[in-house]
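S.K.: What follows is each chain in one-letter form.
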Amino acid sequence: MKKKGEKIIILKNVSKYYYMGENVVKAVDGIDITVKKGSFVAVMGPSGSGKSTAMNLVGSLDVPTYGHIFLDGENISEMDESDLAQLRGKHVGFIFQQFNLIPTLTVKENIMLPMSLQDIDEYEKEKRVMELLKKVDLLDRAKHYPNQISGGQQQRVAIARALANDPPVILADEPTGNLDTHTGEIVMDVLKSLNDEGKTIVMVTHSPELAKEYADIVYWLKDGKIEKITTKRSKSMKKVGKWKGD
Amino acid sequence: MNYFRFAFRNLRKKGVRSWLTLLGIFIGILAVVSLITLGNAMKVAVTSQFGAENTEIITIQAGGLQYGPPGSFVTNPLITEDVEAINKISSVEFAVGRNIKTGKLEYNDILGIGSAISIPEGYEKEIYEVIDDIEVEYGRLLESGDSGKVLLGHNFLDGETNGFEKDIVPGRTVLINDENFAVVGILKKKGSLLVDWTVYIYEDELNDLVGNEDTVDFIEAKIKSKDLMDKAEEEIEKLMRQRRDVDVGNEDFSVTTPEATLETVNSVLGAIQAFVIIIASISIFVGSIGIVNTMTTSVLERTKEIGIMKSIGATNSQIFSQFFIESGFLGLIGGIFGVLFGILIGYAGTLAINNWLGSDIGFQFDYILILFTLMGSFLIGAVAGITPAMQAAKKNPVEALHG
Numbered sequence: 000m001k002k003k004g005e006k007i008i009i010l011k012n013v014s015k016y017y018y019m020g021e022n023v024v025k026a027v028d029g030i031d032i033t034v035k036k037g038s039f040v041a042v043m044g045p046s047g048s049g050k051s052t053a054m055n056l057v058g059s060l061d062v063p064t065y066g067h068i069f070l071d072g073e074n075i076s077e078m079d080e081s082d083l084a085q086l087r088g089k090h091v092g093f094i095f096q097q098f099n100l101i102p103t104l105t106v107k108e109n110i111m112l113p114m115s116l117q118d119i120d121e122y123e124k125e126k127r128v129m130e131l132l133k134k135v136d137l138l139d140r141a142k143h144y145p146n147q148i149s150g151g152q153q154q155r156v157a158i159a160r161a162l163a164n165d166p167p168v169i170l171a172d173e174p175t176g177n178l179d180t181h182t183g184e185i186v187m188d189v190l191k192s193l194n195d196e197g198k199t200i201v202m203v204t205h206s207p208e209l210a211k212e213y214a215d216i217v218y219w220l221k222d223g224k225i226e227k228i229t230t231k232r233s234k235s236m237k238k239v240g241k242w243k244g245d
Numbered sequence: 000m001n002y003f004r005f006a007f008r009n010l011r012k013k014g015v016r017s018w019l020t021l022l023g024i025f026i027g028i029l030a031v032v033s034l035i036t037l038g039n040a041m042k043v044a045v046t047s048q049f050g051a052e053n054t055e056i057i058t059i060q061a062g063g064l065q066y067g068p069p070g071s072f073v074t075n076p077l078i079t080e081d082v083e084a085i086n087k088i089s090s091v092e093f094a095v096g097r098n099i100k101t102g103k104l105e106y107n108d109i110l111g112i113g114s115a116i117s118i119p120e121g122y123e124k125e126i127y128e129v130i131d132d133i134e135v136e137y138g139r140l141l142e143s144g145d146s147g148k149v150l151l152g153h154n155f156l157d158g159e160t161n162g163f164e165k166d167i168v169p170g171r172t173v174l175i176n177d178e179n180f181a182v183v184g185i186l187k188k189k190g191s192l193l194v195d196w197t198v199y200i201y202e203d204e205l206n207d208l209v210g211n212e213d214t215v216d217f218i219e220a221k222i223k224s225k226d227l228m229d230k231a232e233e234e235i236e237k238l239m240r241q242r243r244d245v246d247v248g249n250e251d252f253s254v255t256t257p258e259a260t261l262e263t264v265n266s267v268l269g270a271i272q273a274f275v276i277i278i279a280s281i282s283i284f285v286g287s288i289g290i291v292n293t294m295t296t297s298v299l300e301r302t303k304e305i306g307i308m309k310s311i312g313a314t315n316s317q318i319f320s321q322f323f324i325e326s327g328f329l330g331l332i333g334g335i336f337g338v339l340f341g342i343l344i345g346y347a348g349t350l351a352i353n354n355w356l357g358s359d360i361g362f363q364f365d366y367i368l369i370l371f372t373l374m375g376s377f378l379i380g381a382v383a384g385i386t387p388a389m390q391a392a393k394k395n396p397v398e399a400l401h402g
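Residue numbers (numbering that gives the first Met the number 0), protein chains in the order written: chain A, 0 to 245; chain B, 0 to 402.
A portion of the hints provided could be inaccurate.
What the hints assert, rightly or not - Derived pair list, reagent style DSSO-like, types lysine-lysine, alpha-carbon separation capped at 30 Å: (1) LYS142(A) / LYS6(A); (2) LYS89(A) / LYS187(B); (3) LYS221(A) / LYS394(B); (4) LYS12(B) / LYS126(A); (5) LYS133(A) / LYS303(B); (6) LYS393(B) / LYS25(A); (7) LYS394(B) / LYS133(A); (8) LYS224(A) / LYS12(B); (9) LYS11(A) / LYS394(B).
Bear in mind the hints are in silico, worked out from the structure with no lab data behind them. Remember, predicted model here, so these are calculated numbers, not experimental data.
For reference, chain A alone in the conformation it holds in the complex:
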């Protein structure tokens, strides 16, 4: 385990351009971001500001046109697709606005899937999935399909899936965007408690309130560039409750 405070994600002068005919869309244009291990980082900005692209780059879903990205010490800008997939599977857990569960698999199978992709043995998988179901309080929903449970529950399944391979980094793209305020708060509390357990959280949001309340450091993006960086000196002491109901 790396010590808290080490740099886990480094973006060095990273750009992502899309070429559409003769036009060049500079989705991300020369940004530098450094994320310390165990921190809670928010990426803010209006739509089209490049914040989702930035997150995809950090999560190795996408490769930069220019610049370098280091994830847990490895230069991902030079990796091929298979290595990137392996890296994603082990080091990054994704949480999406749309939950993105596989509809043909049960809650339990969805959570198991990242482990199956890493060829973890059945006994270990079974043990781990029970822990995760307990952690997100969905033991009684294990055999349900995604369309049989509520949005909040689906997002908790997605969180459990993101944690399946115990990755050091959790990337959340508008995790509360499709949830009502109350359910959103529950999901945010889960993320907060994960951060307290030592996970590094990078969250994309367009809600300044969420960013201010939870993040240690906020990158404000506009037109693919970093507009400003704000930090929070004193960590919020918001009480972490148990997430139940919804």
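Model the placement of chain B on the given structure of chain A, informed by the hints.
M.R.: Chain B in isolation, oriented as in the chain A frame:
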């Protein structure tokens, strides 16, 4: 990862449209399985019909016709002297002339048409034990000195099916071409129409009935050993050419070995099976295009799922394997149903053949065929899925996630 379980899950959710595309594979496999099964049954049936299991007998017929009704359209028939000449060939153990004649058969005041086959006096044992391989079920066989007596095939026994509305048993009298004959015995069932519906009668009596003098419809020669078959065949052909004064290539007679009979049967059946395999191949080809179509649609429909899989760590080869195996399963399911219905049709067909020929062929269940068919159908499905699976694997994760 367990691709098979995952593939099974996805197949369960497939719509009717996807299953319909399996019709091609289904029909193809069904055709292959049912017709090969039936073909094997036909081979067994035909082999027993022609008595081809008796491998040391050569049949000589006039006219050069192989399967025409004996004696029909023959301008230069075989005669008893031919039989005597063939008997003198060193490789021949014995030769007998046989006549098959059709005539009136009357019993219980019901008139029918029957066919009778001759037994040359002095050759009873050879006919019963070697040439025709027959045994009596009731009564006794014809014996030297019998006069005005006949031996009947098994199918004459039962009054419900023999057409005379009354059982024919030893001791009863039947009218053949208006002459009285006493039945001495009923033969055991042979599974061959030629024997089971035949009246056995002494040669002289049959000749008297039909006004025949010294012609025979065919000659059956028992060869001393199997090794001598080729030599005997050549010698008989040579002798017959001399006797009938014809050149090589212009023979007006035929010399047939059981092997040749089987070969002819096999080549006919082989041609039928080849034709069926062509039809089946076309059907399977069309079916595999259906699978390509289904899988391509499936990849498009599940673009987002592919994106999700990639975001949680699936490599290109894992995505490829998932779709490849799923496609194989599609083929396999078509194959399983094809095999099941193929077996059913093969079974029904075998029953029908038995019913038609009065034979008793067992169902020709071919495990190897079924194993290979199932493996083949999985393979066809998998191969059809290669291109769609590659499309799936190559998808860019970010674009795929946005659907």
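S.K.: Is LYS221(A) within 30 Å of LYS394(B), Cα to Cα?
M.R.: 29 Å, holds
S.K.: Would you check the hint for LYS394(B) and LYS133(A), treating anything up to 30 Å between C-alpha atoms as holding?
M.R.: Violated. LYS394(B) to LYS133(A) sits at ~35 Å, over the 30 Å cutoff.
S.K.: Between the alpha carbons of LYS393(B) and LYS25(A), is the straight-line distance 30 Å or under?
M.R.: 24 Å, holds
S.K.: Check whether the Cα positions of LYS11(A) and LYS394(B) lie no farther apart than 30 Å.
M.R.: 27 Å, holds
S.K.: Take a quick look at whether LYS133(A) and LYS303(B) sit within 30 Å of each other, Cα to Cα.
M.R.: Holds - the C-alpha atoms of LYS303(B) and LYS133(A) are around 28 Å apart, at most 30 Å.
S.K.: Taking only the CA atoms, is the gap from LYS89(A) to LYS187(B) under or equal to 30 Å?
M.R.: 79 Å, violated
S.K.: Hint check: LYS142(A) vs LYS6(A), CA-CA at most 30 Å. Holds or violated?
M.R.: 39 Å, violated
S.K.: Sort out whether LYS126(A) lies within 30 Å of LYS12(B), counting only the CA atoms.
M.R.: 28 Å, holds
S.K.: Quickly compare the C-alpha distance for LYS224(A) and LYS12(B) to 30 Å and report which way the hint goes.
M.R.: Violated, because 45 Å separates the two Cα atoms, which is more than 30 Å.
Checked against the numbered hints above, the structure violates hints 1, 2, 7 and 8; every other hint is satisfied.
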